[in-house]
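Construct all of the structure, not just a fragment, from the sequences and the given hints.
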Amino acid sequence: MARVVVDVVLKPEILDPQGQAIVGALGRLGVHGVSDVRQGKHFELEVGDEVDDEALARIADTLLANPVIENFTIRR
Amino acid sequence: MARVVVDVVLKPEILDPQGQAIVGALGRLGVHGVSDVRQGKHFELEVGDEVDDEALARIADTLLANPVIENFTIRR
Amino acid sequence: MALDTVELAANTADQPQPYAELGLAEGEYRRIREILGRRPTSAELAIYSVMWSEHCSYKSSRVHLRQFAEKKPPEAADKPVLLVGMGENAGVVDIGDGWAVTFKIESHNHPSYVEPYQGAATGVGGIVRDILTMGARPIAVLDSLRFGRLDAPDTHRVLPGVVAGVGGYGNCLGLPNIGGEVYFDASYAGNPLVNALCVGAMRADGIKLAKADGPGNKVVLFGARTGGDGIGGASVLASATFDDAKPSKRPSVQVGDPFAEKVLIECCLEIFAADLVVGIQDLGAAGLSCATTELAAAGTGGMDVDLDLAPLRDPTLGPEEILMSESQERMMAVVTPQRLDAFLAVCAKWEVLATVIGTVTEVSAEEAARGGRLRMRWHGETIVDLPPRTAAHEGPQYNRPIERPLDQEAINAHDGHNLPRPRSAAQLRATVLRLAASPNLADKSWITDQYDRFVMGNTVLAQPEDAGMIRVDEVSGRGVAVSTDGNGRYTRLDPYAGAQLALAEAYRNVATTGARPLAVTNCLNFGSPEDPAVMWQFTEAVRGLADGCRVLGTPVTGGNVSFYNQTGNTAILPTPVIGVLGVIDDVARRTPQAFRSDGALIYLLGR
Amino acid sequence: MPVRVGVVSFPGSLDDRDAARAVRIAGAESVSLWHADPSLHDVDAVILPGGFSYGDYLRCGAIARFSPVMQTVVAAARDGLPVLGICNGFQVLCESHLLPGALIRNDHRKFVCKEQPLRIENVSTPWTSSYRMRQDIVVPLKNGEGGYIADERTLAELEANGRVVARYLGGNPNGSYHDIAGICNERGNVVGLMPHPEHAVEALTGPGTDGLGFFLGVAGVQEAA
Ligand SMILES: Nc1ncnc2c1ncn2[C@@H]1O[C@H](COP(=O)(O)OP(=O)(O)O)[C@@H](O)[C@H]1O
Numbered sequence: 001m002a003r004v005v006v007d008v009v010l011k012p013e014i015l016d017p018q019g020q021a022i023v024g025a026l027g028r029l030g031v032h033g034v035s036d037v038r039q040g041k042h043f044e045l046e047v048g049d050e051v052d053d054e055a056l057a058r059i060a061d062t063l064l065a066n067p068v069i070e071n072f073t074i075r076r
Numbered sequence: 001m002a003r004v005v006v007d008v009v010l011k012p013e014i015l016d017p018q019g020q021a022i023v024g025a026l027g028r029l030g031v032h033g034v035s036d037v038r039q040g041k042h043f044e045l046e047v048g049d050e051v052d053d054e055a056l057a058r059i060a061d062t063l064l065a066n067p068v069i070e071n072f073t074i075r076r
Numbered sequence: 001m002a003l004d005t006v007e008l009a010a011n012t013a014d015q016p017q018p019y020a021e022l023g024l025a026e027g028e029y030r031r032i033r034e035i036l037g038r039r040p041t042s043a044e045l046a047i048y049s050v051m052w053s054e055h056c057s058y059k060s061s062r063v064h065l066r067q068f069a070e071k072k073p074p075e076a077a078d079k080p081v082l083l084v085g086m087g088e089n090a091g092v093v094d095i096g097d098g099w100a101v102t103f104k105i106e107s108h109n110h111p112s113y114v115e116p117y118q119g120a121a122t123g124v125g126g127i128v129r130d131i132l133t134m135g136a137r138p139i140a141v142l143d144s145l146r147f148g149r150l151d152a153p154d155t156h157r158v159l160p161g162v163v164a165g166v167g168g169y170g171n172c173l174g175l176p177n178i179g180g181e182v183y184f185d186a187s188y189a190g191n192p193l194v195n196a197l198c199v200g201a202m203r204a205d206g207i208k209l210a211k212a213d214g215p216g217n218k219v220v221l222f223g224a225r226t227g228g229d230g231i232g233g234a235s236v237l238a239s240a241t242f243d244d245a246k247p248s249k250r251p252s253v254q255v256g257d258p259f260a261e262k263v264l265i266e267c268c269l270e271i272f273a274a275d276l277v278v279g280i281q282d283l284g285a286a287g288l289s290c291a292t293t294e295l296a297a298a299g300t301g302g303m304d305v306d307l308d309l310a311p312l313r314d315p316t317l318g319p320e321e322i323l324m325s326e327s328q329e330r331m332m333a334v335v336t337p338q339r340l341d342a343f344l345a346v347c348a349k350w351e352v353l354a355t356v357i358g359t360v361t362e363v364s365a366e367e368a369a370r371g372g373r374l375r376m377r378w379h380g381e382t383i384v385d386l387p388p389r390t391a392a393h394e395g396p397q398y399n400r401p402i403e404r405p406l407d408q409e410a411i412n413a414h415d416g417h418n419l420p421r422p423r424s425a426a427q428l429r430a431t432v433l434r435l436a437a438s439p440n441l442a443d444k445s446w447i448t449d450q451y452d453r454f455v456m457g458n459t460v461l462a463q464p465e466d467a468g469m470i471r472v473d474e475v476s477g478r479g480v481a482v483s484t485d486g487n488g489r490y491t492r493l494d495p496y497a498g499a500q501l502a503l504a505e506a507y508r509n510v511a512t513t514g515a516r517p518l519a520v521t522n523c524l525n526f527g528s529p530e531d532p533a534v535m536w537q538f539t540e541a542v543r544g545l546a547d548g549c550r551v552l553g554t555p556v557t558g559g560n561v562s563f564y565n566q567t568g569n570t571a572i573l574p575t576p577v578i579g580v581l582g583v584i585d586d587v588a589r590r591t592p593q594a595f596r597s598d599g600a601l602i603y604l605l606g607r
Numbered sequence: 001m002p003v004r005v006g007v008v009s010f011p012g013s014l015d016d017r018d019a020a021r022a023v024r025i026a027g028a029e030s031v032s033l034w035h036a037d038p039s040l041h042d043v044d045a046v047i048l049p050g051g052f053s054y055g056d057y058l059r060c061g062a063i064a065r066f067s068p069v070m071q072t073v074v075a076a077a078r079d080g081l082p083v084l085g086i087c088n089g090f091q092v093l094c095e096s097h098l099l100p101g102a103l104i105r106n107d108h109r110k111f112v113c114k115e116q117p118l119r120i121e122n123v124s125t126p127w128t129s130s131y132r133m134r135q136d137i138v139v140p141l142k143n144g145e146g147g148y149i150a151d152e153r154t155l156a157e158l159e160a161n162g163r164v165v166a167r168y169l170g171g172n173p174n175g176s177y178h179d180i181a182g183i184c185n186e187r188g189n190v191v192g193l194m195p196h197p198e199h200a201v202e203a204l205t206g207p208g209t210d211g212l213g214f215f216l217g218v219a220g221v222q223e224a225a
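Chains as they are written, first to last, in my numbering: chain A, 1 to 76; chain B, 1 to 76; chain C, 1 to 607; chain D, 1 to 225.
Incorrect hints may have been included.
As the list claims (entries may be wrong) - Which stretches of chain C does chain D cover? Using the computed rule of at least three CB atoms under 8 Å from a CB of chain D, they are:
1) 157-171
2) 258-272
3) 448-454
What the hints contain is simulated information worked out from the structure, not anything from laboratory work.
Backbone N, C-alpha and C fix where the C-beta goes; we use that ideal spot for every residue, glycine too.
Listed below in structure tokens is the structure:
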């Protein structure tokens, strides 16, 4: 059993309204110094030892991320 | 300028319908060995050097996470 | 901690118990000991504490709510309108042609303050399950909202969250939102009101009731797993102010899963259509405690439950926590052994988890006289052995002190005639503009644009109409119209007349669509019942509503009381929210608000 | 024999009954298809209705894509079966790669429900053949994740080949690139549409009957064939 983390972020060229809204809110709150925010998804998976790197990549690529608009990283 | 990552996850005792849906989908996809999934949010911030740890924690606590139901971690 | 079994409880009479922390008064605790003839086990204490909370037992309001039955308008004996009256999960009204509708309004005020999105979402989820439980397909929702001043900072946290939550849950269930209200007043800062109404439709012979009949029948828990949500919430979240919430009683937020509920709805409707249940109950406030005691109390009175069998989301939960958990999207059904396989097959089709956790039992005459016998086991030991009627039906009832507020005279002494009037055209213009821009009168589409009003394809009237209208029968065009109204400021000035004004407004709103008003539901939002002035407002409002309903000929079919809406000693404006439901033979004959032809004459009716 | 149009129900589908009603009003026969049943039961066309399939918690349509019925729908669509995906159905079609691009959260980050003017820009698909070219219609729009996006190359290709089937008029309601409300595949048999024509088939319950054309189209085309 191990915990694996998969982070999914929008590709840089895709607009991220949520991130933009946070930048705007920070400004209104008087917090300065944050020039950009991108929002993505964070998954924590409990996986058995039989799940190898290849299987994980497939899970991330087919289900957790949509490769048309998103990139992902896997941390074991 | 530095990139800071904030991961926000639901507190362990809070129901995570998203994660549950993914576990269910994996089962239907014939992927075995993933016993649990929790879905959270992943933020990537571009911050200036003047933004210290305390300021970051405040941003995470007030804007990025909902402390009633979520915990967060900050990685610089 | 060692397991607190019935056997242990019988031998350790003097062990101190945290009844006060669980919200029970000393006298209430003593009565529990009398009923049981021993001290309660901790699991039994959990059950009584939630069942006897203000929220579940209506202990301060019940003596007054009786008026709704006592003053019920007479009905034609051959054509009763009310198929199911007050006391069930929701009342059921005959609308003709073999159709029946059920509707009810309920509050989720405190949870929506703590976590606006989830509080509002689970409020919608709860009332929808109440309607489903009656055997009906939910067909529409309405929401009645009150917030602090629009420019108050906290309103900017609460309002968007509540609206997104009502929409997020209702939209995802595929229920059109056909109306509601929103008002702003400083008194609701810190105590927003989130009242949700749901309407359901069914064939009149398809009504389902919450009772566990037939010894040997199986008790099935189905839907979501039980987690640690809202433990203690029933008595604490809904019935006490936050100010005195001890850390141990801190609310734990419930998170809604609308997808699970949508699937549960379709699953239940398929189960109803195949006639697979004897009785059914949703799990709302007080969760398993409520479902088991209420089902048993309304049936034979006997039930055996094996709590170990309840599917858990959090395996560390103890039996008391399982009994008090308010996890959403759960139902409990009573099923005959012959139909069990068919029942489980429908659940499997919808991928709904279903588990037999108990059996309906026979009770002896002696046990019946005590209020039945509900037993629960945990790890092979008996941890609950109580008469369920004492928990579900025989809770404490209080006749709380009532006193007209000292300032009632003074606030009524204000005379509007002395206020300055706009005199010039410019002043008049300024007044009109101010009124049009005031949050209480301004356009509400920021809210209603977030609600799906088209889904199901039967919405005939929705925003901005005075009442929503839904087609029930696509062939005949038979339908229903519903409106909710309430005015806290009027009610503060005169609670008796204020409740009647709200009733009259909802009644008119329904009538102007062309529908015939038939029945009333209500959500009574007030401050602390322990404050005699609040209690005066409450009793006057109830009396006004009951009298008004008698005059208009529309019975009260159900509703909900929400007390303790106050910050410190300051209560919200007394806010009875009234829902009126009417029937229309053919929705094609509805009358919308807007003028429909040039040259039409305009009449002013009334005095 | 009336044309048989299958309407798929996923767990969490909401507008399946509405789509079936629209099919019937258009004079075709509606056949309900279940997500777990791979058979299409000999239907002449398929509608993937609106809703929140499997809760849509991950990404809209992401999980529905893997259902048994979708395996068959994808294959049949590649062979030319007319398929219309409405709202969530559009999302499922994109996730299934039957249509290019993706649908993301509305730019204003709220759910939006309104009566939406559209312009029909392609009348050669089986679903739009009963409309006039550049006909303006009004149908309900209701979504939280209706922003259509695609890379520049895809957008250019869609525009160049007339594959934008419908475009928003009078303001962009969700941030869709090029105001795109609906697109089709290269062959034209697969159409994805964010607004809801099935909610505009009866004057009594919708903004009008402008949406009926989508269903008349498929009923008529098949009859002629
Ligand atoms: N204001 C009210 N007017 C009429 N009936 C009420 C009112 N408040 C509660 N009731 C009735 O009391 C009964 C118990 O309340 P209920 O809301 O059903 O509790 P729960 O659903 O949490 O078990 C219901 O039948 C309800 O209709």
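Status of the hints after comparison with the structure:
With 4 residues having a beta carbon nearer than 8 Å to a beta carbon of chain D, the segment 157-171 of chain C meets the requirement of three or more and the stated coverage holds. Under the rule that three or more residues need a Cβ within less than 8 Å of chain D, the assignment of the segment 258-272 of chain C holds, with 6 such residues. Chain D is given as covering the segment 448-454 of chain C, and this holds because 7 residues of the stretch bring a CB closer than 8 Å to a CB of that chain, at least three being needed.
Consistency note: the structure conflicts with none of the earlier hints.
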